[in-house]
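Chains as they are written, first to last, in the working numbering: chain A, 12 to 411; chain B, 207 to 347; chain C, 5 to 160.
One thing to keep in mind: the hints can contain errors.
Claimed, not checked - Capping the alpha-carbon separation at 25 Å, the derived lysine to aspartate or glutamate pairs in DMTMM-like fashion look like this:
hint	chain 1	residue 1	chain 2	residue 2
1	C	Lys145	A	Glu327
2	A	Lys56	C	Glu71
3	A	Lys291	A	Asp246
4	B	Lys218	B	Glu288
5	A	Lys46	C	Asp135
6	A	Lys56	C	Glu8
7	C	Lys13	A	Asp239
8	C	Lys148	A	Glu60
9	A	Lys56	C	Glu154
10	A	Lys325	C	Glu68
11	A	Lys46	B	Asp277
12	A	Lys297	C	Glu154
13	A	Lys15	A	Asp44
14	A	Lys56	C	Asp134
15	A	Lys238	C	Glu8
16	A	Lys46	C	Asp134
These aren't lab readings, by the way, just hints derived from the structure by calculation.
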Amino acid sequence: MEYKVSLGPQHPALHEAISLRMTLDGEVIRDADLKLGYSHRGIEKLAEERSYIQNIYLTERICGICSHSHTTCFTQGVEQLMELVPARRGLYIRTLIAELERVHSHLLWLGVAGQESGFESFFMYTWRDREVVLDILEWISGNRVHYAMNTFGGVRRDVDELQKKKILDSLGLLKKRTDYYLNLAASEPTFVGRLAGVGKLSRQQAIDLCAVGPTLRASGVPMDVRKDDPYAVYDEIPFEVSTADSCDVLGRAVVRVKELIQSYHIIEYILNNLPAGPFKVKAPRKVKPNEVYSRYEAPRGENVHYIRSNGSEKPERLKVRAPTLANYPATIAMLKNGFIADIPLIFAAIDPCICCAERLVQLDDVRGGGRVLRFSELRAMANERAKKIDYTKKDIAWPF
Amino acid sequence: MIERLVHWSRVKSPWVLHLNAGGGCNGCDIEILAALMPRFDLERFGVQLKGTPRHADVMICTGAITLQNRDRVLRVYEQVPEPKFGVAAGACARAGCVYRGSYHTLVGIDQLLPVNAYVPGCPFRPAALIDAVVKLLNSVK
Amino acid sequence: MNPETILAKIQGDLAACIQDAALVAPRRIQLKARPEQLTAVLARLKETFGIAHLGTISGVDLGENFEVIYHLSNADVTVSVRILTPRRDPRIPSVCPVIPGAILYERELQDMFGLVVENIPDPRPMLLCDDWPEGQFPLRKDWKFERPAEIIPGGK
Ligand code: SF4
Numbered sequence: 012m013e014y015k016v017s018l019g020p021q022h023p024a025l026h027e028a029i030s031l032r033m034t035l036d037g038e039v040i041r042d043a044d045l046k047l048g049y050s051h052r053g054i055e056k057l058a059e060e061r062s063y064i065q066n067i068y069l070t071e072r073i074c075g076i077c078s079h080s081h082t083t084c085f086t087q088g089v090e091q092l093m094e095l096v097p098a099r100r101g102l103y104i105r106t107l108i109a110e111l112e113r114v115h116s117h118l119l120w121l122g123v124a125g126q127e128s129g130f131e132s133f134f135m136y137t138w139r140d141r142e143v144v145l146d147i148l149e150w151i152s153g154n155r156v157h158y159a160m161n162t163f164g165g166v167r168r169d170v171d172e173l174q175k176k177k178i179l180d181s182l183g184l185l186k187k188r189t190d191y192y193l194n195l196a197a198s199e200p201t202f203v204g205r206l207a208g209v210g211k212l213s214r215q216q217a218i219d220l221c222a223v224g225p226t227l228r229a230s231g232v233p234m235d236v237r238k239d240d241p242y243a244v245y246d247e248i249p250f251e252v253s254t255a256d257s258c259d260v261l262g263r264a265v266v267r268v269k270e271l272i273q274s275y276h277i278i279e280y281i282l283n284n285l286p287a288g289p290f291k292v293k294a295p296r297k298v299k300p301n302e303v304y305s306r307y308e309a310p311r312g313e314n315v316h317y318i319r320s321n322g323s324e325k326p327e328r329l330k331v332r333a334p335t336l337a338n339y340p341a342t343i344a345m346l347k348n349g350f351i352a353d354i355p356l357i358f359a360a361i362d363p364c365i366c367c368a369e370r371l372v373q374l375d376d377v378r379g380g381g382r383v384l385r386f387s388e389l390r391a392m393a394n395e396r397a398k399k400i401d402y403t404k405k406d407i408a409w410p411f
Numbered sequence: 207m208i209e210r211l212v213h214w215s216r217v218k219s220p221w222v223l224h225l226n227a228g229g230g231c232n233g234c235d236i237e238i239l240a241a242l243m244p245r246f247d248l249e250r251f252g253v254q255l256k257g258t259p260r261h262a263d264v265m266i267c268t269g270a271i272t273l274q275n276r277d278r279v280l281r282v283y284e285q286v287p288e289p290k291f292g293v294a295a296g297a298c299a300r301a302g303c304v305y306r307g308s309y310h311t312l313v314g315i316d317q318l319l320p321v322n323a324y325v326p327g328c329p330f331r332p333a334a335l336i337d338a339v340v341k342l343l344n345s346v347k
Numbered sequence: 005m006n007p008e009t010i011l012a013k014i015q016g017d018l019a020a021c022i023q024d025a026a027l028v029a030p031r032r033i034q035l036k037a038r039p040e041q042l043t044a045v046l047a048r049l050k051e052t053f054g055i056a057h058l059g060t061i062s063g064v065d066l067g068e069n070f071e072v073i074y075h076l077s078n079a080d081v082t083v084s085v086r087i088l089t090p091r092r093d094p095r096i097p098s099v100c101p102v103i104p105g106a107i108l109y110e111r112e113l114q115d116m117f118g119l120v121v122e123n124i125p126d127p128r129p130m131l132l133c134d135d136w137p138e139g140q141f142p143l144r145k146d147w148k149f150e151r152p153a154e155i156i157p158g159g160k
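All chains should be built: construct the whole structure from the sequences, respecting the hints.
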């Protein structure tokens, strides 16, 4: 019997409150479709009515998890339009915040992945450690979510010696915890078994569908804007692009854990090499008519702002493409021929935002007798399936 | 007698539904979850997050309501059994925050639903949410 | 390959279908094409240079015309291919046959600017709410929004 599931429509971020509609054949998903627009807020129109400096605060509120990503992307674009060279110390601090944000976002994702695969205590652990990062961010910027650090020409707050020391201390703790998670995950066959082989996305598919970020890198494509098109100070910082070639949710988890470790290195490097000098320079108010295409590697993937100026104080056009939007076509491909019990995992694997995980899933009452499922039931089904996996299978191995 | 028992349990253990109304960044949603995590632990007040409106007493709304979501928010609110309490959490839910003036959002939850408590901040700190819940419970007592 | 060689190659290779190719910023190439030749240009860029990652498609309202810009990138450069389409009859070809991942951006253009994307595999509206009035395209410059009056709870 064929029936239809609709999942959503709650999902935040740019235009990303989303409803997935799937056609099922038994437990197998035959077709999936997206309905977006639940969280469309008309930001691009609003941006045209605001001055550049006001727009920093607007772009910050595109997404709560990667708030720094959007402002950095916007600021560096406008700086290019203004032909302004930002202060070097400012750029370093900007990068520091960006990496701290990546750490908190990936820890958050690890927790969600743990929860969706029925590993509840892992969820609590990672979220507790995430608070450490948030404390650092709060100490530097004064806020837990919207740091409001960026401004044209640099950043708004400096990092002093005491803060530096405290960050390095906390980093030691985080490193220890991450190692612990690695070991835990490596010796925890349920976790590996649940994630391996779920949500396949082949290399060619990932390229064709223009996937970005860890989703793309887990399919073996080493695309990372930080390396390909270095912005801020990434061309001076040594780091590696993390990839995996297992093309499944496990691969995406691996990529993120590797990136966590890389991020710790980057943060250490930045703190040890922080240049002296001013942390911001004065910026002009007006911007010459021009256009710029600004790219940024957010925790979820490539973030893109296209800004066009017209010589006044307000932008002519601001186009924002958040990474999750780019990953939707790939998500549909991953869902097809998967199991209904894998939906939460697959959907979580592109790292949309956590709140969607708390939302209802309802089976649409279609002809032929639909029934209503809640997300908790769906998750219970997912956990049920996790129990049935044969962990003695030989080809499952944690790739560390 | 039964009524007193129900009232007592409602005050001692309110079940909340967290609803994202669509038009907000998810900063507030993350802070709600952070409030339930070990660090802040809202659950020590008996507060439990529920996935369905039918089990909930309190509905915490975050984000401005988008036009597309308007009817759905109403539908969820109607499903919450009486007596119900609405909490508007965050600047978006209170007055639209930076999205004021957008063509696709309503300014504030209170344009659509009755609200019992407002939590200020963009985003509020988890402590502010706890404060709001405690105050709400005190007023119900 | 460094951006300069790519630019030179593009100029040699695609001379028939593009105008004004230039390196406008480090690692940013801009091209102009005619709408009829867009798919050919993109297919060429994809096959010969491996420039296949479509970042986004931006539309800009220029008054008389709409400008549509396709931002493509590979590991070395970002190429922006722009086309113009008149406001009276805004039509652009769909690039989904070449780049399947373009579908959401094309649907977005249809919603926000009222462009007609020809042969688009999935023409349904995407972003705006279900009861959005026909023929209203918010990102056009002449579209203005009037905010309805607010209800102040408990107020007069
Ligand atoms: S109040 Fe601020 S943090 Fe909360 S949803 Fe709105 S913009 Fe985001």
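Hints, verified against the model:
1. C/Lys145 <-> A/Glu327: Distance of about 9 Å is within 25 Å: holds.
2. A/Lys56 <-> C/Glu71: Measuring from Cα to Cα gives roughly 17 Å; hence the hint holds.
3. A/Lys291 <-> A/Asp246: holds, 20 Å
4. B/Lys218 <-> B/Glu288: holds, 17 Å
5. A/Lys46 <-> C/Asp135: At roughly 14 Å apart (the allowed maximum being 25 Å), C/Asp135 and A/Lys46 satisfy the hint.
6. A/Lys56 <-> C/Glu8: Outside the cut-off at roughly 36 Å; violated.
7. C/Lys13 <-> A/Asp239: holds, 20 Å
8. C/Lys148 <-> A/Glu60: holds, 11 Å
9. A/Lys56 <-> C/Glu154: Distance ~21 Å between A/Lys56 and C/Glu154 Cα, so the pair holds.
10. A/Lys325 <-> C/Glu68: holds, 21 Å
11. A/Lys46 <-> B/Asp277: Within the cut-off at roughly 16 Å; holds.
12. A/Lys297 <-> C/Glu154: Violated: A/Lys297 and C/Glu154 sit about 34 Å apart, past 25 Å.
13. A/Lys15 <-> A/Asp44: holds, 11 Å
14. A/Lys56 <-> C/Asp134: holds, 19 Å
15. A/Lys238 <-> C/Glu8: Within the cut-off at roughly 19 Å; holds.
16. A/Lys46 <-> C/Asp134: holds, 11 Å
In this structure, the earlier hints numbered 6 and 12 are contradicted, and the remaining ones agree with it.
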